Amino acid sequence: MAEAAKSRSEAAPALPTWPDEIYRVLKDAGIRQVAMVPDAGHSRLIRSFEADPETRVVTLTTEEEGVAMLAGAWLGGERGVLLLQSSGVGNCINMLSLPVICHMPLLMIVTMRGDWGEFNPWQIPMGQGTRPSLEAMGVIVNKVDEPHLVASAVQGAANLAFNTWKPVAVLIGQRVLGAKNFKELARK
Amino acid sequence: MSNPNALLHRRDVVNELLRDRADLLVIAGLGAPNWDVSAAGDHPNNFPLWGAMGGASMIGLGLALAQPRRKVLVITGDGEMLMNVGSLASIAVEAPKNLTIAVLDNERFGETGMQKTPTASGVDLAAIATACGIRTSRIVRTMAEVSELRDLAHEGRGMAFAQIKINPEALVFVMPPADGVILTTRFRQSVLGDEALFN
Numbered sequence: 159m160a161e162a163a164k165s166r167s168e169a170a171p172a173l174p175t176w177p178d179e180i181y182r183v184l185k186d187a188g189i190r191q192v193a194m195v196p197d198a199g200h201s202r203l204i205r206s207f208e209a210d211p212e213t214r215v216v217t218l219t220t221e222e223e224g225v226a227m228l229a230g231a232w233l234g235g236e237r238g239v240l241l242l243q244s245s246g247v248g249n250c251i252n253m254l255s256l257p258v259i260c261h262m263p264l265l266m267i268v269t270m271r272g273d274w275g276e277f278n279p280w281q282i283p284m285g286q287g288t289r290p291s292l293e294a295m296g297v298i299v300n301k302v303d304e305p306h307l308v309a310s311a312v313q314g315a316a317n318l319a320f321n322t323w324k325p326v327a328v329l330i331g332q333r334v335l336g337a338k339n340f341k342e343l344a345r346k
Numbered sequence: 567m568s569n570p571n572a573l574l575h576r577r578d579v580v581n582e583l584l585r586d587r588a589d590l591l592v593i594a595g596l597g598a599p600n601w602d603v604s605a606a607g608d609h610p611n612n613f614p615l616w617g618a619m620g621g622a623s624m625i626g627l628g629l630a631l632a633q634p635r636r637k638v639l640v641i642t643g644d645g646e647m648l649m650n651v652g653s654l655a656s657i658a659v660e661a662p663k664n665l666t667i668a669v670l671d672n673e674r675f676g677e678t679g680m681q682k683t684p685t686a687s688g689v690d691l692a693a694i695a696t697a698c699g700i701r702t703s704r705i706v707r708t709m710a711e712v713s714e715l716r717d718l719a720h721e722g723r724g725m726a727f728a729q730i731k732i733n734p735e736a737l738v739f740v741m742p743p744a745d746g747v748i749l750t751t752r753f754r755q756s757v758l759g760d761e762a763l764f765n
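Protein chains in written order, with this note's numbering: chain A, 159 to 346; chain B, 567 to 765.
Calculated directly from the structure, the hints in this document are not laboratory data.
Everything numeric in this text was worked out from a predicted model, so none of it was measured.
Per the computed footprint, the stretches of chain B lying under chain A, defined by three or more beta-carbons under 8 Å from a beta-carbon of chain A, are:
hint : stretch
1    : 629-637
2    : 653-659
3    : 753-763
Glycine residues also receive a C-beta, built at the ideal position from the N, C-alpha and C atoms.
I would like the entire structure built from these sequences, with the hints used as guidance.
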């Protein structure tokens, strides 16, 4: 028994540290409003913000609401971040006109689907369209595929967004998040 | 105005909502609500939208959360509100006391040829807002009710939503500055002071 428990604990992968690192980075950047449609890849970061009395976490019905909300936050002197999955980027397109034409900062942290290792074909069109559609709207995009580079990517994006009043997106790839496979779960 | 069944005139409504506006912050939805707010007088504390359809109420939410001591009034149209009607759910959960949303409901898409919106077929935005959990939510048909709404917005003691039934009249356009950078910068400078220019 004891040996079995030991081998299980040895087999358990270490929790990734990047969600805690980007929480610190976003706190240091002065983030007060978090607008989000949840994604599994953001769950730990969302829990950190929900436990933080200085931060308001707003759950959206669609991601474009967050683009508008954070424009309002900026008009009122607060900084925010939009947490979303790549499929939600497609919901934001016209609303991105607002930060682009008004020279407002917008920091988006996008967890990818339809990327490396994807099992669900329906995720592919928007996953592969995420970067080009953001860039078509004038958003600066930085994709990160290694866990130890996530925090610096977010820090750089926050500086870029809030110092130069640009919409900036960090795309966190499935190499970092791990690819889901519901087919394996279904077999179990 | 003596006939309670006569439809209200949109610029009378907006002039009353903005009467003695003091330091009220105003978000105006694109199209006619923008022109109505501008007709009442251009003001640095106005943020009139020329696009971003469906975003007016959520801009109001982000602003109200960022400036809890100021009163925020969103004035928008039925088509604009319907485009992101789900935002009423997002907003109701937060329900900042200092936020009022006034929908000027002419039951038409006015800028595109006066086509009917779903409210023309009875879709009840005030009931949607109520069902989302916004307790002060009403349909407004008289100027006396508009005055009450004006006071609610200016007092800011609780979140309010109103669907104001108005005449589908087409009026002369009165336009604010169109440059988003000018609108953003002067609003921030007015609300946050000159230091906003250095950030």
